[in-house]
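2 protein chains.
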Amino acid sequence: MNNFTFQSATKIIFGRDTEQQVGAEVKKHANRILLHYGGGSIKKSGLYDRVTVSLKENGVEFIELAGVQPNPRVSLVRKGIQLCRDNNIPFILAVGGGSVIDSAKAIAAGVPYDGDVWDFYSGKSQVVNTPLPVGVVLTLPAAGSEASSSSVLTNEDGWYKKGMGSELIRPEFAIMNPELTYTLPAYQTACGAADIMAHIMERYFTNTQDVDFTDRLCEATLKTIIENIPIAIQNPEDYAARAQVMWAGTIAHNDLLGTGREEDWASHGIEHELSAIYDVAHGAGLAVIFPAWMKYVYRNNIPRFAQFAVRVWNIEYDFENPERTALQGIEKLKGFFASIGLPVTIQQLGVEDDRLEEMADKCTDGDKKTLGSFVKLGKKDIFEIYKLACE
Amino acid sequence: MNNFTFQSATKIIFGRDTEQQVGAEVKKHANRILLHYGGGSIKKSGLYDRVTVSLKENGVEFIELAGVQPNPRVSLVRKGIQLCRDNNIPFILAVGGGSVIDSAKAIAAGVPYDGDVWDFYSGKSQVVNTPLPVGVVLTLPAAGSEASSSSVLTNEDGWYKKGMGSELIRPEFAIMNPELTYTLPAYQTACGAADIMAHIMERYFTNTQDVDFTDRLCEATLKTIIENIPIAIQNPEDYAARAQVMWAGTIAHNDLLGTGREEDWASHGIEHELSAIYDVAHGAGLAVIFPAWMKYVYRNNIPRFAQFAVRVWNIEYDFENPERTALQGIEKLKGFFASIGLPVTIQQLGVEDDRLEEMADKCTDGDKKTLGSFVKLGKKDIFEIYKLACE
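Each protein sequence line maps, in turn, to chains A and B.
So the mapping is simple: this note's numbering equals the position in the first sequence, first residue as 1, plus 1354.
So the mapping is simple: this note's numbering equals the position in the second sequence, first residue as 1, plus 1354.
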């Protein structure tokens, strides 16, 4: 087990009708805010009205910036930064899923920064200073951004998709009402599940020894998703299932599950190239890439993959042939993704397989860097993983 | 699943040699502090020297208040409050286990309060206002006080042991080096385990429906203790085992595991009377009381006790007779406590059984209130539980 520092201070306000608390909660931080959201879905559902009524009731003025797209764009972020500066806005309220929250975090970091906000994502600047505080009303359990220290953005200039992390961009609060997720279509629900599971598995597949406690927390969180997602897809208004998934999605990515462990994150990097170029849903991309990554790396640590199979998927351990157990776990995961309606090959994503090498090249900055830590992957490895994802 | 608010903002600094960061960490909060600790053990181990050197290196002045006893006393707390007021101290550093931390929290709450600090514990005052911030260097995984919102104190005037809770008394930071627990005797290690497990089980045994995720987190944390405590007792310097127990002990009681659930806490209340009157170790008292409580209440919710048996203790579910499975789980717990050297009857605690009724009476303020929520227990019930604990 490695030394670690952990502090996840986001205040979680969870349950039915909790969005009605948003005005009072925002008021503790600011009287004037940027209200940031995506498209029409929060208007159609009535959430927009409930949020703005609550803000007005608490005397909170707001300027709006809508139009966040899935795989949020740096161009809109730049617009948001200008808007905040011009109007002297000290707080951002994100109403939506991970894309809206990540966009809000980027605006928050960019407002006090002299250079261009993309610097944080390109690696040109490492240090976020005094970002604006961000609050969240969550509508989609997936990215875990509501309590995470990270943000992922897409730059249309070259279609780069990059992440950045800073303890300072964790949201102040996250309002989470599982009822707000009733209207999510089955496919989006499933994509969210793949994203949540990937956040756990990026931490689970580690070579760090003696991490029994966090192993068990990871397994508990994975099992929660595996049990509850089919129920939520079957019956979109099952409060219990929606609630388990929503809360598990936050814990999956607030850094608790990674405490004391080396994390991997290669699969995320490999997937980002897919969704940057083809604009596929991140969760769908992960459902394709993660099993392929597993097949490529599992021999590196068969006991860990066997543990995954036994403890997460209830597969009986094959004492004579642990590798078989390890492989069964990977097949179970792939089968689970397929069973909830997710693509499990690049072809099923509706993507051509003629740019695999280009993606492997971009992933590694032209083979100048490696991805992951469970196994360090170069351009050639990643190309092989893309090929495995085609089968 | 119930609505909830959750915010556990204590910064955890975990791992080898982390106590060397204490001066720098304190310095972020204050230049003058109260250094609060127990007896000679931190001097004997050298921890006192390392902490004070780090404070001095960072220019932090400190006034000392030693002498915290197990089951910490309100008299010392009153002395600490006076000391802080007289010297205009804005921060308290607790170096020790739960008793020292609880004592520090009480001082922190008492300094700005006009009345007597016991008011917070007796229930006379419910509201803690602007307590001093507290930091922790933890030496004993047990109470979970290093990241909890609660404090338990004993009043020598009548030997009352009472708890209080406030979000404002959560420590700012907790420095946790598992190596500091190497010198804990086997019995104290085992008492800590019982305390940690009790914190989880007080949350686990609930009638709240649809709490799949937190059930699984509870089970994961219990299994971590069950696996690692025998190793730590066998080999006190096993870093991995000590580390799992220490981190699990914090998560057991930082409120995550209780999110969305009604909690019980009857066993703690019943045990407090024992340790208030007889000054027995809290964990040892819990090892005696918890199985007795279980035997008294399990019929109220056999499926939950069967789940405990199957998922925590790997007992095969008896489909024809689930009650048998439930009872096997209770026996397994009792057997586990005995196997790590804990008493499991009141007699083994070295306590007479002639004051059971008096304790049941004090527990319930003379049968005027009930304890617990899984089953609401009056004086007569608690008397029966004390009797079951004698078998």
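Derived by calculation from the structure, the hints in this document are not laboratory data.
You may find that some hints are simply not true.
Treat identical chains as interchangeable: a pair holds within one or across any two.
[Claimed, not checked] No farther apart than 30 angstroms at their CA atoms in a straight line, the calculated lysine-lysine pairs in the BS3-like style are these:
id : residue 1 : residue 2
1  : Lys1433   : Lys1398
2  : Lys1433   : Lys1723
3  : Lys1577   : Lys1688
4  : Lys1734   : Lys1516
5  : Lys1365   : Lys1722
6  : Lys1723   : Lys1382
7  : Lys1478   : Lys1382
8  : Lys1577   : Lys1686
9  : Lys1577   : Lys1381
10 : Lys1730   : Lys1410
11 : Lys1577   : Lys1478
message: Under the constraints set out in the numbered hints, which ones does this structure not fulfil?
response: 2, 5, 6, 9, 10, 11
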